[in-house]
Amino acid sequence: MDNIFKIPKLALFFSLLLLVFSGVFSICLGAANIPVFTTFEFIFQMILGDWESSNLTDIQKTIILEWRLPRFFLGALVGASLSVAGSGFQGVFRNPLADPFLLGSAAGAGLGATLVIVSDLEVSFFVFGSVQLGAFLGALVAVLAAAIVSSSAGRTTASLLLSGVAVAAFLTACQTYVMQRNFVSIQEIYGWLIGRLLTSGWTEVGIMFPYFLVCFAVIYFYARELDLLRLSEDESKALGGHPLQTKIFVISCASLMTAVAVSVSGLIAFVGLVVPHVIRLAVGSSYRIIIPLSAIVGGAFLSSADTFARVIVAPAELPIGVITAFIGAPFFAIILRLSKGTI
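Mapping of the sequence shown onto our numbering: position 36 corresponds to residue 36, and the numbering continues sequentially without gaps.
It is worth saying that the hints were derived from the structure and are not from the lab. For clarity, every value in this text was computed on a predicted model and none was experimentally measured. In this text, a Cβ means the ideal position worked out from N, Cα and C, and glycines have one as well. Please note that the accuracy of each hint is not assured.
[Unchecked claim] Calculated pairs, EDC-like style, for lysine to aspartate or glutamate (alpha carbon to alpha carbon, straight line, at most 16 Å):
#, residue 1, residue 2
1, Lys61, Glu41
2, Lys237, Asp227
3, Lys247, Asp227
4, Lys247, Glu233
5, Lys247, Asp234
[As the list claims (entries may be wrong)] Pair ranges (Cβ atoms, derived):
#, residue 1, residue 2, range
6, Ala166, Phe209, 30 to 40 Å
7, Tyr190, Leu231, 38 to 48 Å
8, Ser151, Lys61, 53 to 63 Å
With the sequences and hints as input, model every part of the structure.
Now the structure itself:
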């Protein structure tokens with residue numbers, strides 16, 4: 001795999017190890033703790049088709065199969081999607097602070113999905129369901145709006161951040177207005193917006209996986225182009241790059257990944273900022289390394305945060321958005337502090 005993605009073997013090993021450990025903790029920990037070795041034994045027996053002979057009770061089997069396993073996979077997919085989307089946005093905008101949340105993409109997806117939910121629209125387009133379609137259009141409009149405003153203000157890091165904040169604030173205000181006008185749905189929408197990985201089974205995992213697979217493949221296909229975009233557009237073209245095509249495809253796929261993630265999990269901030277940044281500091285700035293590692297580490301990060309959100313106030317549960325904000329906001333402040341001379 002490291003030959004395909006050109007990932008340093010040590011970085012790949014530790015990233016996969018982190019993902020495995022996050023999966024173990026996600027499956028074993030919660031309001032009802034299940035022994036680690038018993039869980040592994042059950043999963044191994046299940047793979048062999050002999051899961052009925054496990055020492056686990058029927059309730060424990062149900063907890064693992066119908067709640068914790070799908071929740072881990074969903075968390076991993078959401079974290080991977082937000083991280084890869086963040087790395088894609090950072091490459092396209094040549095800005096290490098670009099992030100689905102800070103660019104307004106997540107807010108746009110939230111508004112689009114909210115409009116679909118409150119209006120009970122049942123529209124589909126190819127593989128897009130109504131909620132995914134609404135979220136995608138909202139995310140795409142938000143990113144384009146932030147990019148246009150930033151471009152007119154000088155294309156600096158500060159202008160992009162301020163444009164994203166302004167767009168996100170406006171869309172959030174619109175979303176609040178829609179929610180207040182539809183009071184019957186406000187509790188459902190609010191619980192979704194603050195970020196939860198509640199799933200009744202494997203349905204959401206099945207919905208999200210094809211989107212993630214296709215969008216990841218497209219964004220990684222343009223990894224070399226994203227490396228070239230660190231130069232000027234003229235230099236990129238001289239080296240065989242296609243800047244406009246790269247921007248169109250990467251922005252579209254990153255917006256779609258954000259939209260689908262938001263549609264199943266709600267608004268979860270800072271994942272797309274923190275994970276690519278840490279990887280960039282650890283293994284270098286090539287997107288041929290950053291993108292695949294962002295998928296692995298992002299999945300591990302969010303599933304771990306979800307596990308922590310489940311156990312810290314058990315048997316109650318914190319919204320996962322609270323955990324990521326506690327980590328991401330100080331991280332963002334530190335980045336701003338360290339880069340004060342370049343913004």
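Taking the hints in turn, this is what the structure says about them:
no.: 1; hint: Lys61 with Glu41; in the structure: holds, 12 Å
no.: 2; hint: Lys237 with Asp227; in the structure: holds, 12 Å
no.: 3; hint: Lys247 with Asp227; in the structure: holds, 12 Å
no.: 4; hint: Lys247 with Glu233; in the structure: holds, 11 Å
no.: 5; hint: Lys247 with Asp234; in the structure: holds, 15 Å
no.: 6; hint: Ala166 with Phe209: 30 to 40 Å; in the structure: holds, 34 Å
no.: 7; hint: Tyr190 with Leu231: 38 to 48 Å; in the structure: holds, 45 Å
no.: 8; hint: Ser151 with Lys61: 53 to 63 Å; in the structure: holds, 55 Å
In summary, this structure violates none of the numbered hints.
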